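Enquirer: Chain residues, written in single-letter form:
Number of protein chains: 2
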Amino acid sequence: MNKANQTLMNAYVEKIEEQLLKFTAEKPELQGVVLEAMEYSLTAGGKRLRPVLVLEFYRMCGGDKLDEILDIACSVELIHTYSLIHDDLPCMDNDDYRRGKPSCHKAFPENIALLAGDALNSLAFEVIANAAIDGRISAEKAVMLISVLGKSIGTEGMIGGQVIDLQTENEMIDIDTLNTLQGCKTGALIEAACVMGVILAGKFDMIPAAADYACAMGRAFQIVDDILDVTGTFEELGKPIGSDEQQHKNTYVTLLGMERSEQTARQFTVQALGSLKYFDNSQFLSELTSDMLTRRS
Amino acid sequence: MNKANQTLMNAYVEKIEEQLLKFTAEKPELQGVVLEAMEYSLTAGGKRLRPVLVLEFYRMCGGDKLDEILDIACSVELIHTYSLIHDDLPCMDNDDYRRGKPSCHKAFPENIALLAGDALNSLAFEVIANAAIDGRISAEKAVMLISVLGKSIGTEGMIGGQVIDLQTENEMIDIDTLNTLQGCKTGALIEAACVMGVILAGKFDMIPAAADYACAMGRAFQIVDDILDVTGTFEELGKPIGSDEQQHKNTYVTLLGMERSEQTARQFTVQALGSLKYFDNSQFLSELTSDMLTRRS
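Chains A and B, in that order, are what the protein sequence lines are. When the count follows my numbering, it moves up by one through the first sequence with no breaks and lands on 304 for the last residue. When the count follows my numbering, it moves up by one through the second sequence with no breaks and lands on 304 for the last residue.
Among these hints, one or two may not hold up.
As the list makes no split between identical chains, a pair holds if one copy fits it or if it spans any two.
[What the hints assert, rightly or not] SDA-like, lysine to any residue: derived pairs with alpha carbons at most 25 angstroms apart: (1) Lys-113 to Leu-91; (2) Lys-34 to Thr-187; (3) Lys-256 to Gly-39; (4) Lys-210 to Ala-146; (5) Lys-158 to Glu-43; (6) Lys-113 to Leu-173; (7) Lys-72 to Asp-212.
No lab work stands behind these hints: they were computed from the structure. Quick caveat: nothing in here was measured; it's all calculated off a predicted structure.
Here chain A stands alone, though its shape is the one from the complex (with noise of 0.2 angstroms):
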């Protein structure tokens, strides 16, 4: 990434960490430890893509108040987080490590893990309604923004996409069923992301074109996501290597093997690439983007 590149993403990712603090900052005596496990897992690091995402087709819709709208780019680092706290549990994945450290489930007992995800998932609407509330942004996009992000994690969106990937777990799948379940598992939160982006600049004409972003990127995105997880080490990605492939997960890899992986990663980069000409202002996003391709964590 260029100088200028790096200090708007440095920028993003501190307001970021700022807000997200914010949201457990007052505990309560008697249930405090939700919210410790809540920030616990919101302070453990990652990319910080999805609020990036918010902040960056807001910001290239024309949308200059950022400050005002910091808390509902976050709103989906909410729901992020509470899918991967969900996701790592027992009856899930089962795994004891999330970037490096122990998974929620493993710092704090099993039941408040649960109950922080679940808190954290309410927590996304709330904070968007709230924002309407205070006259930050008009009631009409609170609706708007709030049926997006619903749908996205639903039983057509991310859920729907957990459950094909434990329905899928020990069969062998075609490569559809791989883009239905990839697409919804991570693809649609990361679509919600960039359309609640444009919806906040008020620019609505401009949604088919972040949602066409959103859709290539994130099948480049998880498709990255497959081929580090076979050749990135412990200390860079945070989890064991292969972890999936042990649990016999199809993967882009095992389905395609690494090198049509590869290939069919920079292609989707490539399209994604293409629909960030009908924006002004997208020279952040393309080198972002195409760092994605590169990325070794």
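Got chain A sorted already, so can you dock chain B onto it with the hints?
Expert: Just chain B now, with coordinates in the frame of chain A:
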């Protein structure tokens, strides 16, 4: 209940149960199992008290388009059902039965039950937002409803109460802590239901009276629940008798004794009935509230 009130109650429950079925009507092939799990728990019976409260406060405040707000009234039942599914999980109360039927995680794999609860949680908010997008309610009302509902089930509401419950499981607590615990765990969502009915009807000045009613009624409801857990039979309650006691739970009965619990429930019922005098046409809700004292399941 007198015949007219019973007819109204039956009509409410019939409409609510029709609506609940609509939420899960479409079941995509690959992820259909999670919609089956949601439907299983949504149709497992129960008094439907929370959506009835939404509808009745709406009606008492002059609302007369019940069919247009039915899905919103049911959003509180989506939340209630999600909370029951997650409460029953092995890492929480580990209950194999709910209302005389196997719990969701006994009828379905545990991970599907977890995800069914997650999907119901976010669906509740999506449903309210979509009612505004459809033009059935104003966006302003929708954000108020979502804010009220979100707060009631978050760390200061339902989740907070569940955490206090878990944190104090094996210790004797005082009555103030039990009041906080129950006020959060069950009272907050009941209050949200009553307030949401008022918001839907647009009679915002009646919100405090609805909240007063709900606080007193919720308290009475929980005490009666605790009493029934000791005195009920498996057949009537659909779960093993004394199951709460066996797990060393703090209940009104274990803290106050049976006689004072019954007395306190009566006092709160009188207080709840008093709050209803601010509403016209409160005969139905008055009778429902009184009946709660003598319910056997």
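Enquirer: Does each hint hold? Answer for all of them.
Expert: Taking the hints in turn, this is what the structure says about them:
| no. | hint | verdict |
| --- | --- | --- |
| 1 | Lys-113 to Leu-91 | both (13 angstroms within a copy, 24 angstroms between copies) |
| 2 | Lys-34 to Thr-187 | between (40 angstroms within a copy, 15 angstroms between copies) |
| 3 | Lys-256 to Gly-39 | between (37 angstroms within a copy, 20 angstroms between copies) |
| 4 | Lys-210 to Ala-146 | both (16 angstroms within a copy, 19 angstroms between copies) |
| 5 | Lys-158 to Glu-43 | between (28 angstroms within a copy, 18 angstroms between copies) |
| 6 | Lys-113 to Leu-173 | both (22 angstroms within a copy, 17 angstroms between copies) |
| 7 | Lys-72 to Asp-212 | within (20 angstroms within a copy, 34 angstroms between copies) |
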